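Undergrad: Residues per chain, in single letters:
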Amino acid sequence: MKQTIIPLGPYHPLLEEPEHFKLYVEGERVVDLDVEIGYNHRGIEKLSEGKTWDQVPYLVERICGICSTSHPMAYCLAVEDLVGCEVPKRAQLIRVVVCELERLHSHLLWVGLAGHFIGYNTVWMWAWKYRETILEICEKLTGNRNHYAMFKPGGVRRDFNKEQIDYALEHIVDVEKPTRMLTDAILDDPVIHKRLKGIGVLKKKDAILYSALGPTSRGSGVPWDARHDEPLDGFKDLKWNVIVQKDGDVFSKGVVRLLECFESISLIKQALLKLPEGGAIDADISEVPPGEGCGRYEAPRGEVFHYVRSDGSNMPYRHKVRAPTFNNLPTFKASCKGETIADVALITASIDPCYCCTERVAVVDKNNNEKILGEKELLKLSVEKTRDIMKKLGKVPPLYNMEI
Amino acid sequence: MIKEVMKDLKGKLKGKIIDIVQPRVNRIYIRVEPKKAPEVIEYLFFKYKCKLCTATGMDMREGIEIIYHLAREDKNMIINVKTLIPYPKLEIESIGKKIPAFRWIEREINEMLGVTFIGHPDMRRLILADSFPKGKYPLRKSFKHSDVTDEDYDYERSGI
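Quick mapping for you: the protein sequence lines, in order, are chains A and B.
Take the first sequence: its position 266, counting from 1, is numbered 266 in our numbering, and each next residue is one higher.
Take the second sequence: its position 12, counting from 1, is numbered 12 in our numbering, and each next residue is one higher.
Simulated from the structure, these hints should not be mistaken for laboratory data.
Predicted model, so just to flag it, every value in this text is computed and none were measured.
It is possible that some hints are incorrect.
Derived pair list, reagent style BS3-like, types lysine-lysine, alpha-carbon separation capped at 30 Å [to be verified]:
hint	chain 1	residue 1	chain 2	residue 2
1	A	239	A	204
2	A	140	A	177
3	B	3	A	46
4	B	89	A	22
5	B	97	B	134
6	A	203	B	98
7	A	204	B	49
8	B	82	B	97
9	B	36	B	47
10	A	337	B	36
11	A	22	A	246
12	B	97	A	246
13	B	97	B	141
14	A	395	A	385
15	A	51	B	141
16	A	162	A	129
17	A	203	B	3
18	B	47	A	89
19	A	46	B	141
20	B	82	A	51
21	A	337	B	47
22	A	46	B	10
23	A	380	A	395
24	A	205	B	36
25	A	2	B	97
Rough simulated footprint, nothing fancy, chain B against chain A, three-plus residues with beta-carbon under 8 Å [said to hold, decoys possible]:
hint	region
26	38-44
27	105-113
28	250-261
29	301-309
Built from N, CA and C at the ideal position, the CB exists for glycine as well.
In isolation and in its complexed conformation, chain A is listed as follows:
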């Protein structure tokens, strides 16, 4: 049969990020696939060679909007590996809390997008609504919804006070219950099973050959998790499990992410309760001696790896960054062959797209006073709009319950 090339991208319709897939198809079936990246190359590694050791965390934080704590975390671990310093216990646990909050909101974001991709907009709106609570906890604890700027080599920049800890402990419960409901609803749904099971299978052998990372490898039965394999001191007292699924299809990757949410919630609770009273939150690193260090940390999408080399000056001689998607993208060559075009669009999204949405709706009134619209106000606006339309159409507007 004659081969045709179908382009997906350079602006991917689902991932909403610039990457280009060339699908070689025979009829409906994809026989080969070629990935082109590089539309987003910003030269961060070169830039980093001109920043001081303390400035680099702010730079690497901006590599990814969603993994904005994993990159600084891996970088800090690399510098600590080089210097050989001990991070105080309180700082370790604060790190765990911030990193797990990030994982939680990232996984819920993916679940929502995955629902949107397969036409389940209810799943999308549910997941993103519950994610909002997590972002509010992040804002309360760190001052920001994303890009927390919490980490520095040797520790963390800001401490949590009692009020913040109480707020987080109180509201994390609000996340757990709806997430449980959402997970049960997805895992019970026969249509989602039909749509996602058995497509885009990445075999265990291929996952190892391509060194796939994160939920992509754990969905294929390879239990690689940097938090478990190279445990930080903060993780040693906490109880949690590595979630592994065997099938390697899109469904398994989704299940891994959904079940990991509960591990994260449990880790956040344990870490907040175990925070020692007072004490230092950073070890003083005044000088970085010549040498080299590796740091890795499990980001929501997989292991982030940073390598730093110092020549004794105040800037890195070389700083290498490897994001998890770099290892996960080539796996499409193994998982997309033989699938239909419609499925490939979904499989390419299954390693987790990166999409940053931190905007809030605001209207400005006549006196230039800014007003923030919350859930209730938005619902009210929506109900009023529907009533107006009904009136114009000459129909009797329904009586909605305005209280929620």
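Given chain A, put chain B in place with the hints provided.
TA: Below, chain B alone, put in the same frame as chain A:
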């Protein structure tokens, strides 16, 4: 347990490596000749069940140093294999022809530092634009931003 790993590696890799050091408990640094690098890494990947974290290319002025970062997950350690390829003949045998995980990072080192990987199945550019001038390597220490001007870009090649 970690001491055993070190002893084991020393025995298995005898004659193939220049030296092996362990500065911290879960970090091992092995130095090898460029010619022996593929053999050592394939041994670590297949027999020693390591996964590839990544590889770092670095301009050391006398040559390009490539560090392959491999992780042995069940033993909680990163094994770094270092090899220095001296100027001016920057060539090393590709590992990507046998292990697909190495293909992309070898393409990246090729365009960023100008190392040729012999036998690589697909040596196209990965990250840099197609129109970026040939023979300029942004991650070399000698590279300056003023080295590449607008006139150097070859837009015909990129099809614009």
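Undergrad: For residue 36 of chain B and residue 47 of chain B, compute the direct alpha-carbon distance and say whether it is at most 30 Å.
TA: Holds - the C-alpha atoms of residue 47 of chain B and residue 36 of chain B are around 16 Å apart, at most 30 Å.
Undergrad: Just to be careful, I want the Cα atoms of residue 380 of chain A and residue 395 of chain A compared with a cutoff of 30 Å; is the pair within it?
TA: Status holds; Cα separation ~19 Å.
Undergrad: Between residue 97 of chain B and residue 141 of chain B, does the CA-CA distance stay at or below 30 Å?
TA: 29 Å, holds
Undergrad: Per the coverage rule (Cβ-Cβ under 8 Å, at least three residues), is the region 250-261 of chain A covered by chain B?
TA: Coverage by chain B is violated here, the residue count being 0 at a Cβ distance below 8 Å.
Undergrad: Does residue 49 of chain B lie within 30 Å of residue 204 of chain A when you go C-alpha to C-alpha?
TA: 13 Å, holds
Undergrad: Checking C-beta pairs, does the region 38-44 of chain A have three or more residues closer than 8 Å to chain B?
TA: holds (count 3)
Undergrad: If you draw a straight line from the CA of residue 337 of chain A to the CA of residue 47 of chain B, is it 30 Å or shorter?
TA: The given pair, whose Cα atoms are some 28 Å apart, holds under the 30 Å limit.
Undergrad: Would you mind confirming whether the straight-line C-alpha gap from residue 203 of chain A to residue 3 of chain B stays at or under 30 Å?
TA: Violated: residue 203 of chain A and residue 3 of chain B sit about 34 Å apart, past 30 Å.
Undergrad: Residue 46 of chain A and residue 10 of chain B were given as a pair; does the straight-line alpha-carbon distance stay at or below 30 Å?
TA: Distance ~36 Å between residue 46 of chain A and residue 10 of chain B Cα, so the pair is violated.
Undergrad: Is the Cα-Cα distance between residue 395 of chain A and residue 385 of chain A 30 Å or less?
TA: 14 Å, holds
Undergrad: What's the verdict on residue 162 of chain A and residue 129 of chain A, does the C-alpha distance respect the 30 Å limit or exceed it?
TA: 27 Å, holds
Undergrad: Would the hint linking residue 239 of chain A and residue 204 of chain A be met if the CA-CA limit is 30 Å?
TA: 27 Å, holds
Checked against the numbered hints above, the structure violates hints 3, 4, 10, 17, 18, 22, 27 and 28; every other hint is satisfied.
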